[in-house]
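Listed here are the chains, written in short residue letters.
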Amino acid sequence: MHILDGFLDDSVAVAAAVPAIAAVGYGVHRAGRALDDRGVALVGVTGAFVFAAQMLNFPVAGGTSGHLLGGALAAVLVGPWLACLVMAVVISGQALAFADGGVAAIGANVLNMGVVGALATGALMLAARRVLPRTRATVLAVAGAGAWLSVMGGAALAAAELGVSGTVPFTTALPAMLGVHALIGVGEAAITVAAVAAVLATRPDLVGGAGSGAPVAAARGVPATEPAS
Amino acid sequence: MRRLPTIVFTALALALAVGLATAVSPFASSHPDGLERVAIDQGFIGAGAGHPAQDASPIAGSAFPGVRDPRVATGAAGFVGTLGIFALGSGIAWTLRRGRRARAGV
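Just so you know, the protein sequences line up as chains Z and X, in that order. The opening position of the first sequence corresponds to residue -15 in the working numbering, with each subsequent residue numbered one higher. The opening position of the second sequence corresponds to residue 3 in the working numbering, with each subsequent residue numbered one higher.
Take the hints with a grain of salt, since some may be wrong.
Quick partial rundown of chain Z residues pointing at chain X, CB under 8 Å, derived from the structure [to be verified]:
| id | residue |
| --- | --- |
| 1 | Gly(-10) |
| 2 | Leu19 |
| 3 | Phe82 |
| 4 | Thr122 |
| 5 | Thr155 |
| 6 | Leu158 |
| 7 | Ala160 |
Listed next, with one range per pair, are the computed distances between beta-carbon atoms [unchecked claim]:
| id | chain 1 | residue 1 | chain 2 | residue 2 | range |
| --- | --- | --- | --- | --- | --- |
| 8 | Z | Val(-2) | X | Ala13 | 37 to 43 Å |
| 9 | X | Ile42 | Z | Tyr10 | 34 to 40 Å |
| 10 | X | Pro7 | Z | Thr119 | 33 to 39 Å |
| 11 | Z | Tyr10 | X | Val74 | 27 to 33 Å |
| 12 | Z | His13 | X | Ala58 | 17 to 23 Å |
| 13 | Z | Ala107 | X | Leu14 | 28 to 34 Å |
Treat the hints as calculated values from the structure; they're not laboratory data. The structure displayed is predicted, hence computed values, not measured ones. For glycine and all other residues, C-beta sits at the position ideal for the given N, C-alpha and C.
Working from the sequences, and respecting the hints, build out all of it.
If you want it as structure tokens, here you go:
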């Protein structure tokens, strides 16, 4: 879903960069306060996994492919604000070292592919903590729903940015983007749920936001069936 | 089940990511992705242009330069890129944490 330079009007690229920078900046602020040794490694590994998974395009209908965005997965693993930072690292690296996605469009791409999904998933995690039982099924359901919503939200936002830029009418772009991404979002949800399930099976304490400072198992939606190591 | 120590978990997860990017990405679908599909169908794919800064891009198009086989070039780009993002992400996180500890006088 990488927007290329030339797709966006300069003013739209700047306008999209403002909330992206704000979210990443808050992520930086949180990182300074909340990271422990474990969090440092987890931020790097989450970025590496998202970068790798973004290379693995899977086919969807009609000669089209999709790939993981990763904002929802990162939010479940390192928390929504650090996830914004992780996604900014991945997307900036892609644009600057791999010519994948625009440079002027980095802000828009971080917003569409990272911030929207990370914060939407974070909001879902908060809501689920209040109203749903703290079980493995809840964590996986939130991860899957957040993943699908992150793709649809990013697609809708990209359509709006393209529309305001005058690249393609919004009324044309929105249904086209949502239509194809409704399918891609299913792939995003499947990969995200599989990845979260794998982490739950090996290190359940890492799911739900590293360095939150809370007692891990109870606060992170995982049944405390194992002794803390 | 016994929990994996953090260093083992990190090493395994990183190995999985590097393995996927190196060995699986060359066989990923090469069809246009969702946004590219819409750009083609709606006739604005031609508006996309590389940024001047990307002329100096070391690994443009996710293909490692100087490698003739496109699959090997993609795999090499995935290998370097995944390790690079791990180093960059961990490095930034480590620096931020260190700054906090310095301020706290730890």
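Cβ separation of Val(-2)(Z) and Ala13(X), checked against the hinted range 37 to 43 Å: For Ala13(X) against Val(-2)(Z), whose Cβ atoms are near 41 Å apart, the range 37 to 43 Å holds.
Hint check for Val74(X) and Tyr10(Z) - Cβ pair distance inside 27 to 33 Å: violated, 41 Å
Minimum beta-carbon distance criterion (8 Å), Thr122(Z) to chain X: violated, 20 Å
Closest C-beta approach of Leu19(Z) to chain X relative to 8 Å, hint status: This interface hint holds because 4 Å falls under the 8 Å limit.
Closest C-beta approach of Ala160(Z) to chain X relative to 8 Å, hint status: Check passed: Cβ of Ala160(Z) comes within 5 Å of chain X, closer than 8 Å.
Hint check: 8 Å Cβ-Cβ cutoff, Gly(-10)(Z) to chain X: Holds, about 4 Å.
Residue hint Leu158(Z), partner chain X, criterion CB-CB below 8 Å: violated, 10 Å
Cβ separation of Pro7(X) and Thr119(Z), checked against the hinted range 33 to 39 Å: At 26 Å between Cβs, range violated.
Supplied distance hint 17 to 23 Å, evaluated on CB atoms of His13(Z) and Ala58(X): violated, 32 Å
Consistency of beta-carbon spacing, Leu14(X) to Ala107(Z), with hint 28 to 34 Å: holds, 31 Å
Chain X contact restraint for Thr155(Z) - C-beta distance below 8 Å: This interface hint is violated because 12 Å lies over the 8 Å limit.
Agreement of hint Phe82(Z) with chain X interface, Cβ distance less than 8 Å: Where the cut-off is 8 Å and the nearest Cβ of chain X is about 5 Å from Phe82(Z), the hint holds.
Hints 4, 5, 6, 10, 11 and 12 from the earlier list are contradicted by this structure; the remaining hints agree with it.
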